[in-house]
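> Listed here are the chains, written in short residue letters.
Protein chains: 2
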Amino acid sequence: MKMYTVSQLLSKNQFGEDVEIKGWVRTFRANRFIALNDGSTINNIQCVVDFENTDEVILKRITTGAAIHIKGELIESQGKGQSVEIAVAHLDILGDSDPETFPIQPKKHSFEFLRENAHLRTRTSTFSAVMRLRSTLSFAIHKYFNDNGFYYMHTPIITGSDAEGAGEMFRVSSLDAKNPPLNDEGKVDYKQDFFGKETNLTVSGQLEAETYAMSLGKVYTFGPTFRAENSNTSRHLSEFWMIEPEVAFMDLAGNMDLAEDFMKYVLKYVLDHNREDLEFLEKRLLDEEKTKPQAERSEMSLIEKLNFVIDNNFKRVSYTEAIDILRNSKPNKKKKFNYIIEDWGADLQSEHERFLVEKHFKCPVILFDYPANIKAFYMRLNEDGKTVRAMDILFPGIGEMVGGSQREERLDVLKEKMKALDIPEEELWWYLDLRKYGTAVHSGFGLGFERLVMFATGMTNIRDVIPYPRTPQNAEF
Amino acid sequence: MKMYTVSQLLSKNQFGEDVEIKGWVRTFRANRFIALNDGSTINNIQCVVDFENTDEVILKRITTGAAIHIKGELIESQGKGQSVEIAVAHLDILGDSDPETFPIQPKKHSFEFLRENAHLRTRTSTFSAVMRLRSTLSFAIHKYFNDNGFYYMHTPIITGSDAEGAGEMFRVSSLDAKNPPLNDEGKVDYKQDFFGKETNLTVSGQLEAETYAMSLGKVYTFGPTFRAENSNTSRHLSEFWMIEPEVAFMDLAGNMDLAEDFMKYVLKYVLDHNREDLEFLEKRLLDEEKTKPQAERSEMSLIEKLNFVIDNNFKRVSYTEAIDILRNSKPNKKKKFNYIIEDWGADLQSEHERFLVEKHFKCPVILFDYPANIKAFYMRLNEDGKTVRAMDILFPGIGEMVGGSQREERLDVLKEKMKALDIPEEELWWYLDLRKYGTAVHSGFGLGFERLVMFATGMTNIRDVIPYPRTPQNAEF
Chain A
4 MKMYTVSQLL
14 SKNQFGEDVE
24 IKGWVRTFRA
34 NRFIALNDGS
44 TINNIQCVVD
54 FENTDEVILK
64 RITTGAAIHI
74 KGELIESQGK
84 GQSVEIAVAH
94 LDILGDSDPE
104 TFPIQPKKHS
114 FEFLRENAHL
124 RTRTSTFSAV
134 MRLRSTLSFA
144 IHKYFNDNGF
154 YYMHTPIITG
164 SDAEGAGEMF
174 RVSSLDAKNP
184 PLNDEGKVDY
194 KQDFFGKETN
204 LTVSGQLEAE
214 TYAMSLGKVY
224 TFGPTFRAEN
234 SNTSRHLSEF
244 WMIEPEVAFM
254 DLAGNMDLAE
264 DFMKYVLKYV
274 LDHNREDLEF
284 LEKRLLDEEK
294 TKPQAERSEM
304 SLIEKLNFVI
314 DNNFKRVSYT
324 EAIDILRNSK
334 PNKKKKFNYI
344 IEDWGADLQS
354 EHERFLVEKH
364 FKCPVILFDY
374 PANIKAFYMR
384 LNEDGKTVRA
394 MDILFPGIGE
404 MVGGSQREER
414 LDVLKEKMKA
424 LDIPEEELWW
434 YLDLRKYGTA
444 VHSGFGLGFE
454 RLVMFATGMT
464 NIRDVIPYPR
474 TPQNAEF
Chain B
4 MKMYTVSQLL
14 SKNQFGEDVE
24 IKGWVRTFRA
34 NRFIALNDGS
44 TINNIQCVVD
54 FENTDEVILK
64 RITTGAAIHI
74 KGELIESQGK
84 GQSVEIAVAH
94 LDILGDSDPE
104 TFPIQPKKHS
114 FEFLRENAHL
124 RTRTSTFSAV
134 MRLRSTLSFA
144 IHKYFNDNGF
154 YYMHTPIITG
164 SDAEGAGEMF
174 RVSSLDAKNP
184 PLNDEGKVDY
194 KQDFFGKETN
204 LTVSGQLEAE
214 TYAMSLGKVY
224 TFGPTFRAEN
234 SNTSRHLSEF
244 WMIEPEVAFM
254 DLAGNMDLAE
264 DFMKYVLKYV
274 LDHNREDLEF
284 LEKRLLDEEK
294 TKPQAERSEM
304 SLIEKLNFVI
314 DNNFKRVSYT
324 EAIDILRNSK
334 PNKKKKFNYI
344 IEDWGADLQS
354 EHERFLVEKH
364 FKCPVILFDY
374 PANIKAFYMR
384 LNEDGKTVRA
394 MDILFPGIGE
404 MVGGSQREER
414 LDVLKEKMKA
424 LDIPEEELWW
434 YLDLRKYGTA
444 VHSGFGLGFE
454 RLVMFATGMT
464 NIRDVIPYPR
474 TPQNAEF
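Top to bottom, those sequences are chains A and B. Add 3 to a position in the first sequence, counting from 1, and you land on the number used in this note's numbering. Add 3 to a position in the second sequence, counting from 1, and you land on the number used in this note's numbering.
No lab work stands behind these hints, which were simulated from the structure alone.
The list treats identical chains as interchangeable, and a pair is accepted whether it falls inside one copy or across any two copies.
Calculated pairs, DSBU-like style, for lysine-lysine (alpha carbon to alpha carbon, straight line, at most 35 Å):
{"no.": "1", "residue 1": "Lys-389", "residue 2": "Lys-338"}
{"no.": "2", "residue 1": "Lys-422", "residue 2": "Lys-63"}
{"no.": "3", "residue 1": "Lys-418", "residue 2": "Lys-110"}
{"no.": "4", "residue 1": "Lys-5", "residue 2": "Lys-146"}
{"no.": "5", "residue 1": "Lys-420", "residue 2": "Lys-74"}
{"no.": "6", "residue 1": "Lys-418", "residue 2": "Lys-74"}
{"no.": "7", "residue 1": "Lys-267", "residue 2": "Lys-389"}
{"no.": "8", "residue 1": "Lys-200", "residue 2": "Lys-111"}
{"no.": "9", "residue 1": "Lys-365", "residue 2": "Lys-267"}
{"no.": "10", "residue 1": "Lys-146", "residue 2": "Lys-74"}
{"no.": "11", "residue 1": "Lys-181", "residue 2": "Lys-378"}
{"no.": "12", "residue 1": "Lys-271", "residue 2": "Lys-146"}
Remember, it's a predicted structure, so these values are computed and weren't measured experimentally.
Bound-form chain A, shown alone:
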């Protein structure tokens, strides 16, 4: 007798075969119908128990969450909602699940409750669908880059450099925590620490990725990054995964083309490969939105939103144009924005980004050529001397999805910028070397993976799209 997965059995259309399956009971109805799931698909297979000839003791142990082993005949289903089912000939209980204490009951649980039981939440349809989608998206990302001649590069997690500048960092140490050794100046003597210097968790692999782009041509990272910021919002994690491609000889326009092509590819990939999960999540989102006032509901369903991104060109708008649009917008004139846009040079807030994307253009928007002084030191200064070749890609409902730039490839300009920002050259000698030896135009971007998973799944809290979220005051599991 052959062992199958639920996914394999549900796609069979020949009946009469004796099959075996192992999985967990989702529900058991009428002492007869087991809905069995093994994670291979969002769907359960119905297993029909001949209760008149089954030991009562066994029947009582068929509870939600129990692991069971079933042997039986695959038959055409009599009931609605499925085409095949198993007529159970033999049933073994592998692991019981006490219905009095098992947290995941066959009813609706709040996402807060499920976060507290994150080790069991993938036993629900919602979270198993989200995590399957997360996995498929990951694979799509690797496949896209691999198929397009990029090399995957593992940039370091522990970094001795604090010049990355993307945010607050966590310190990594193995010194005595209570009584660290001090040096002559009375400061903590990091020379005695594990790495012989102060080290932190990386906030970005970009600078290291640039070193590989300038030899291997096209590279990307996909790894964890960290922010020690006390942001307890539904969009921030202290530990999250980031994708950072970096390409030699590519300018900002090429960077936009790459980002757009990439986003479309990976979203198309999940549409093609995880249709059932998406349909489930689409329905879930519709149900959730029904509880909201009409004005707050999304105009498009989940799958419509994905198709909309795939089928439409991203609107490319310069920062300067965007400021004009915002300055003349209704919410600005009527002072509905919390931050009123008055002058060129203002940093855009999420309310402005959302206006542009959701109200004005109604499609993904690529903003580019930002004022130099609100962007990072490594971005390529434009000939106007005041803007840099930066781009942000804004998505409906999510806001900033991608941030990228053409990098400053001119040694003198880069040095001047670092000097102005008090970044010591010794810190980044190797980064400067790239501009000394065979420098060239190059560009790249960063994409927060969890933001992408949120967009693709319709989940609205970032804690619900990563297995074990790390946020201020929370490192459980």
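Let chain A serve as the given structure and place chain B on it in line with the hints.
Frame of chain A, contents of chain B only:
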């Protein structure tokens, strides 16, 4: 005119097309022949300069390491060693490279020197080949698992649990390093730290992976792990990448089958996809070995070794059998081992593992059913009450490549084991929950990615197979 990569041009067999290419100069001979590389392949394309009609100033700037942009006609090569070359019509210097100071000269550099210049070492053939292979291996790993129904899972990097037990951990903190707050007991008050408790960098994602296996069925991790151990050897890193599959309803025999099939697949994949890189590294290794005494040289070339693993069954040997073999072995009887094997229960040292693999069996060996007291708490106790369903896979030249086990699925046995080892149940309440609610046989293994890259590339120092190695006293770049 179309822009190409070196790889694309070298595989063309139609001549006469006007082409464009950008890359870095590897060498410039006789004021005429540029060997140009762009990272897309280990091979350079020869670009022939019409030096009589080229500005002297430009000719002088064609130096090793310079970035250049070439336009010209693709023609059949007159010289040996390549089939195509470019007759240069136009040449632009994008970025100069001062031949007096550029560290990567067209000569043999020591690997130590190149480690100090790790930001430039992928401009050598050896390191570009190694890193391309590393990338291909990564992709092969994702592809294997994806094609076989596994879900990729990102387990947390920052962990509040110190029960993983695989080694010393790095502390992650954002408390004041010099004057951390103390609690009433006079200890560091981690309640005031970022996560409200003491946190460390993970040493393994296994325990979390088990939670997902027990709902999604088949999962794997592929992420960074850390060891704060002062091991300054050619086989240890403080930060390295690990692959950890975990499968529900799979026993130890299935685990062995999976590991063997997986290893063969990924090695076959690089043989099929990175032949030229492998041939280069094979030649490099042969040259290196020529400097060694005959007895220390490998009997097989690099590609022969890979094929040997792919074509042969891994030998499966119980720990008990291995002890018998070792006890009766020549080096044991002649007291050549540093640790003489006398009794059952001895922990095997790398000298013993190497004897078994390299001298006795001469093929990869899977050792299984180890004494319980030398293995981790979560491994499934056998019916004999003294061995556990653990397995280690030993590779020639590398030693332990894979460590895995069937996991203890019985709540009472697991609790007893934790009690004996003083692991508090509160620490791992969620891990114990897996045994309370629908427990089942399950298994998995861990594979150190850099060990695999070493095996596949023939590199002998682990610092040379990861972009920016972290080791005691070293977190440069």
